[in-house]
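Chains as they are written, first to last, in the working numbering: chain A, 3 to 391; chain B, 11 to 173.
Incorrect hints may appear among the rest.
Unchecked claim - Simulated pairs of lysine-lysine, DSS-like, Cα-Cα distance not exceeding 25 angstroms: (1) Lys24(B) x Lys345(A); (2) Lys225(A) x Lys253(A); (3) Lys83(A) x Lys163(B); (4) Lys151(A) x Lys166(A); (5) Lys212(A) x Lys16(B); (6) Lys147(A) x Lys183(A); (7) Lys374(A) x Lys24(B); (8) Lys165(B) x Lys151(B); (9) Lys374(A) x Lys163(B); (10) Lys194(A) x Lys166(A); (11) Lys162(B) x Lys374(A); (12) Lys24(B) x Lys212(A); (13) Lys20(B) x Lys374(A); (14) Lys122(B) x Lys163(B); (15) Lys20(B) x Lys212(A); (16) Lys165(B) x Lys374(A).
No wet-lab data here; the hints were simulated from the structure.
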Amino acid sequence: MRDPLSKKVVGIAPSGIRKFFDLVSEMPDAISLGVGEPDFDTPWRIREEGIYSLERGRTFYTSNAGLKDLKIEISKYLQRKISVSYDPDSEIIVTVGGSEGIDIAFRAMLDPGDEVLIPQPSYVSYLPCTVLADGVPVVIPLQQKNEFKLTAEELEAAITPKTKILVLPYPNNPTGAIMTKEELEPIAEVVKKHDIFVLSDEIYSELTYKYDHVSIASLPGMKERTLVINGFSKGFAMTGWRLGYICGQKKIVEQMLKIHQFAIMCAPTNSQYAAIEGLRNCDDEVQQMRTAYNQRRRFLLHEFKRMQLDCFEPFGAFYIFPNIQEFGMTSEEFATRFLEEEKVAVVPGSAFGDCGEGYLRVSYAYSLEDLKEAIGRLGHFIDRLRNQD
Amino acid sequence: MEDIRKQILKYLEKNSRVDLGELAVLMGTDEVTIANEIAQMEKEKIICGYHTLIDWDKAGEEHVNALIEVRVTPRRDQGFDKTAERICNYPEVTAVYLISGGYDLLVTLEGKTLQEVSRFVSGKLSPIEDVISTSTYFILKKYKDHGTIMFKKNKSERMLVTP
Numbered sequence: 003m004r005d006p007l008s009k010k011v012v013g014i015a016p017s018g019i020r021k022f023f024d025l026v027s028e029m030p031d032a033i034s035l036g037v038g039e040p041d042f043d044t045p046w047r048i049r050e051e052g053i054y055s056l057e058r059g060r061t062f063y064t065s066n067a068g069l070k071d072l073k074i075e076i077s078k079y080l081q082r083k084i085s086v087s088y089d090p091d092s093e094i095i096v097t098v099g100g101s102e103g104i105d106i107a108f109r110a111m112l113d114p115g116d117e118v119l120i121p122q123p124s125y126v127s128y129l130p131c132t133v134l135a136d137g138v139p140v141v142i143p144l145q146q147k148n149e150f151k152l153t154a155e156e157l158e159a160a161i162t163p164k165t166k167i168l169v170l171p172y173p174n175n176p177t178g179a180i181m182t183k184e185e186l187e188p189i190a191e192v193v194k195k196h197d198i199f200v201l202s203d204e205i206y207s208e209l210t211y212k213y214d215h216v217s218i219a220s221l222p223g224m225k226e227r228t229l230v231i232n233g234f235s236k237g238f239a240m241t242g243w244r245l246g247y248i249c250g251q252k253k254i255v256e257q258m259l260k261i262h263q264f265a266i267m268c269a270p271t272n273s274q275y276a277a278i279e280g281l282r283n284c285d286d287e288v289q290q291m292r293t294a295y296n297q298r299r300r301f302l303l304h305e306f307k308r309m310q311l312d313c314f315e316p317f318g319a320f321y322i323f324p325n326i327q328e329f330g331m332t333s334e335e336f337a338t339r340f341l342e343e344e345k346v347a348v349v350p351g352s353a354f355g356d357c358g359e360g361y362l363r364v365s366y367a368y369s370l371e372d373l374k375e376a377i378g379r380l381g382h383f384i385d386r387l388r389n390q391d
Numbered sequence: 011m012e013d014i015r016k017q018i019l020k021y022l023e024k025n026s027r028v029d030l031g032e033l034a035v036l037m038g039t040d041e042v043t044i045a046n047e048i049a050q051m052e053k054e055k056i057i058c059g060y061h062t063l064i065d066w067d068k069a070g071e072e073h074v075n076a077l078i079e080v081r082v083t084p085r086r087d088q089g090f091d092k093t094a095e096r097i098c099n100y101p102e103v104t105a106v107y108l109i110s111g112g113y114d115l116l117v118t119l120e121g122k123t124l125q126e127v128s129r130f131v132s133g134k135l136s137p138i139e140d141v142i143s144t145s146t147y148f149i150l151k152k153y154k155d156h157g158t159i160m161f162k163k164n165k166s167e168r169m170l171v172t173p
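Can you build the whole structure from these sequences, using the hints too?
What follows is the structure in structure tokens.
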């Protein structure tokens, strides 16, 4: 039989998280700090709207780009949150989670050989999605001394005549880093100077602490150059509903819509109806979740400091990214031993790029009680490692 | 950013058992600030007490809760206050509210048995001079109390590791 597979797909390495997931699955009694989704249930009023939409028989396709009411609410929401106005009719597509946005953006914008700049550590999809769209991924390794923010110098150094898109993943999974307006401004200047585009993945935009989220699309001359990805998974605790959106200038949106139309048709209908309620009436619920995450974030930072674990203060998402280089192990070794010896799952930083080596992604999408238990075990583990020397 | 007082209150409203050191960590401040704020709010009667939410059914205690609607003749200058304050004095009364709508006071009552509650209503509450009428409702089951859901929730179905 001839080879049934595409060399391009076979050449993509499986997600480093997958390996760890399999390991943890064999330990049903393990506790976990390893998830990338909220521990909160979707706010009840959103779930109820989902139920009502089914009861009313809203079980048909919607228009390709999404329900008009939802797009109007998204437009109002973005105006309110990031001060950028998008035309609901021509500049917004409702997608199957934020992930679909990554895919259709690359496919709509890349020709073979075009380079995509991907700062790492970052979410696992950017690199494979670039390859699938025949682009060439170019990794920018970020540094702890800059708190894993992208600097204009790092960006400038990575740009070539083939560079087409910069991925800007802030607030960041896995580091928890955010970028302020002052830090984005020099990035925007470099982007404009070299005439490239930005894919700004802002899926964690609701979850920032101390500083409000700022979108690079809100900076002068940047709306036309930026595609903003956002969605309901993180801020609204709606991961399983698979609902996100991508916004940008009409010319790009038209082409992305073609791909979405032929490959997906439309985002889930009842999720779309439910999300309208989320945007209209859930500010309080979102604020309550944000407050709880912030308290847990402070708790973990305090505990890591007490354990003298090297860690910068993250101001976004629900992750902390401690440095474990002092133990002389790879992050995968550390995470595996921690799982085997203390039955706690964390994700090795290396799963998010080579420069994540030497770090762990610790999620605080857990109750304070769970966090206390897990951190207690981390304390034991670290003490044991340090006393061996 | 919410001010520190509001943050403390919101936390204590759900969990008053937390120790000061931990509260300081969660609020991003120091223990002295927390202790001072709480002491000050106790003094100002913003914090009026610390209670425990108990499922008495599970504790195996005979226990009856009742809601009583009370219609009252208001008095010149005093309105409903005199009668309401009088009702408050009974230890078995857990709450007294002035209510808009078809009646005037809502009284919540805690007793050991139905008879005990009935005796209170007929022997103590109804005979009060300005009380016109009462209607008593016994609570059969508490599904949610003080913001806490009392029935068992399903276990989380989240996977252990996700990107």
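These are the hints, each one checked on the structure:
1. Lys24(B) x Lys345(A): violated, 30 angstroms
2. Lys225(A) x Lys253(A): holds, 13 angstroms
3. Lys83(A) x Lys163(B): Violated. Lys83(A) to Lys163(B) sits at ~34 angstroms, over the 25 angstroms cutoff.
4. Lys151(A) x Lys166(A): Given that 25 angstroms is the threshold and the Cα spacing comes to 20 angstroms, the pair holds.
5. Lys212(A) x Lys16(B): holds, 16 angstroms
6. Lys147(A) x Lys183(A): Judged against 25 angstroms, a Cα distance of about 19 angstroms means the pair holds.
7. Lys374(A) x Lys24(B): Cα-Cα ~18 angstroms, so holds.
8. Lys165(B) x Lys151(B): Given that 25 angstroms is the threshold and the Cα spacing comes to 23 angstroms, the pair holds.
9. Lys374(A) x Lys163(B): holds, 22 angstroms
10. Lys194(A) x Lys166(A): The hint holds at about 12 angstroms.
11. Lys162(B) x Lys374(A): holds, 23 angstroms
12. Lys24(B) x Lys212(A): OK: Lys24(B) and Lys212(A) at ~23 angstroms, within 25 angstroms.
13. Lys20(B) x Lys374(A): holds, 21 angstroms
14. Lys122(B) x Lys163(B): violated, 29 angstroms
15. Lys20(B) x Lys212(A): holds, 19 angstroms
16. Lys165(B) x Lys374(A): Holds. Lys165(B) to Lys374(A) sits at ~19 angstroms (cutoff 25 angstroms).
Hint violations for this structure: numbers 1, 3 and 14, all remaining hints satisfied.
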